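Letter by letter, the chains look like this.
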Amino acid sequence: MFPERTQLVLDLVGVFFFAVTGALLAARKGFDIVASTLLAGLTGLGGGVVRDVIINVRPAVFEHPVYLVPVVLGVAVVYLYYPHVPRFRRTLLLVDAAGLGLFCVTGTVKALAADVPAVSAVLLGVTSAVGGGLLRDVVAREVPSLFRYDDIYALPAVVGATVTALLWRLDALSVWTGVGASVLTFALRALAVRYGWRAPLAYRRQPPDG
Amino acid sequence: MFPERTQLVLDLVGVFFFAVTGALLAARKGFDIVASTLLAGLTGLGGGVVRDVIINVRPAVFEHPVYLVPVVLGVAVVYLYYPHVPRFRRTLLLVDAAGLGLFCVTGTVKALAADVPAVSAVLLGVTSAVGGGLLRDVVAREVPSLFRYDDIYALPAVVGATVTALLWRLDALSVWTGVGASVLTFALRALAVRYGWRAPLAYRRQPPDG
Amino acid sequence: MFPERTQLVLDLVGVFFFAVTGALLAARKGFDIVASTLLAGLTGLGGGVVRDVIINVRPAVFEHPVYLVPVVLGVAVVYLYYPHVPRFRRTLLLVDAAGLGLFCVTGTVKALAADVPAVSAVLLGVTSAVGGGLLRDVVAREVPSLFRYDDIYALPAVVGATVTALLWRLDALSVWTGVGASVLTFALRALAVRYGWRAPLAYRRQPPDG
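Protein chains in written order, with UniProt numbering: chain A, 1 to 210; chain B, 1 to 210; chain C, 1 to 210.
Calculated directly from the structure, the hints in this document are not laboratory data. Note that the coordinates shown come from a computational prediction; the quantities given were computed from them, not determined experimentally. Treat the hints loosely; a few may be bogus.
Because identical chains cannot be distinguished in the list, a pair is counted as satisfied if it fits within a single copy or across any two copies.
Think about it this way: if two alpha-carbon atoms lie no more than 16 Å apart in a straight line, the pair counts; the simulated EDC-like pairs of lysine to aspartate or glutamate are [stated by the list, open to error]:
1) Lys29 to Asp150
2) Lys29 to Glu142
3) Lys29 to Asp115
Bound conformation, chain A alone:
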């Protein structure tokens, strides 16, 4: 649906962004560099592996070892510059938001290319986008950022994946509109962080005698 090279580039950039967030968490937790690599790989590649296993495609990283390059780069960046990074918490959230924006679009596209119905493709796009971070947090014993009440995280990915599937239905999905959906997702997530946008709680508050 995208030219192969475009898909690859977008993928690798997304892997790099998420790998950085995994390596940063490893650094914060005092893990060693091997654990940092594992956590960066799980974050950068985990969501895509889950998606590919579900649609029964051999996960890209196990066909094309080039996917390991952005993981190693992410670990190296954190290894070299860690003490400077935490000063830029907002930068980090933006890096993560960039990964989210890229993966919800490329994940949906890959699912559509595997002949999954559009609604399920949206679900798989969101899985690609939030899966790696969820695995990262679960394995490192953090409260999944997905579930924190501070600001919406999954919803921008749902929007991005839905827009991608709609563009595809309307035969309007191209590299440019795809990148547009990524930027939209990124922007929604960035605004959610900036203004503390929240979703309603899981239950409607009611008076006890309601």
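Please arrange chains B and C on chain A, whose structure you already have, making use of the hints.
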């Protein structure tokens, strides 16, 4: 093995029951409604997805988006009626037991239909039944209810899956005997809760000089 | 690549070693014997299942229920002898190291046999070796031993898997050289425990004005 429509109905009802338990946990933890939906989906669909990925079948939810309906319904029920639900802790345990009973039978049937040996089909039936709840608890950072020592949880599912595989071996598996195995599982789990049935510990207590 | 029977024996021995570590954790946490069986199975079989799902092979345990035998044996050993085992913490670490050594070699061999590129086969070998223990720790809410800073754990498996892939590239992979790679991995891990070998941290310490 079951008529397709019967299998679908049993599945959807099981998904609904487990989705409710996921949404309830989200409500208790103060997650928002998006997280509630994710957790309900993981609980209701996770065990089946793991089973299908193992037997190399595309998971039902990614072929038939109708599987998302009971998830949304479960989230909605909790959203609307949450404050009333915790008063009925026993009701909740029974809802979960109903999901357990349905999934250990339908999961075993699906595995047998994929030509898995009977012993492995039992294992996959149990995986379907307890997998979603395990994922729910791991992701939400709870002690897996599977491991709590209060009352047996997995064992009724093992019994239900074994009975299902035996019925199949004896060519006696029908909708009615299948539902019977479900009800048996449900009853065993309900009695375990009611009377605090426990399994032996993981080790035999011995005197220190034993 | 290995004769089938050899592969099976090495596999079953590895499953037994890891199953023992899972059952021991269950005993320490006061879980019941059902949870012990589940945790032993997850530890012994989880890494291989993840590998097989990724390379799109039906996991061995779901074809050959004989894989459940070492799990049951591991649970039985811990059930019968638990109070004696903790005195031998070093013995336990060695048992785990033996599993690590076996699985990083057999996992790499299975991935190579599925036509995965060599670099990815190394990754899958490491996944087989450390995956079960990671699942065990995550599900039982322990800090993954993989991430503890005490002594290197994954690195010996990386070495063993890399040596296996190199032997295969040089057409020198046989049962004997394979067992040699296993022993090397085991020895590296055992020495790491004995002498507290550590990897560098995830970040280079820098002066604040660095």
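Against the structure, the hints come out as follows:
For the identical chains of this complex, Lys29 and Asp150 are inter-copy neighbours only, at 14 Å across copies versus 22 Å inside a copy, given an alpha-carbon limit of 16 Å. For the identical chains of this complex, Lys29 and Glu142 are neighbours both inside a copy (10 Å) and across copies (15 Å), given an alpha-carbon limit of 16 Å. In this homomeric assembly, Lys29 and Asp115 never come within 16 Å of each other (Cα to Cα): the closest approach is 41 Å inside a single copy and 37 Å across copies.
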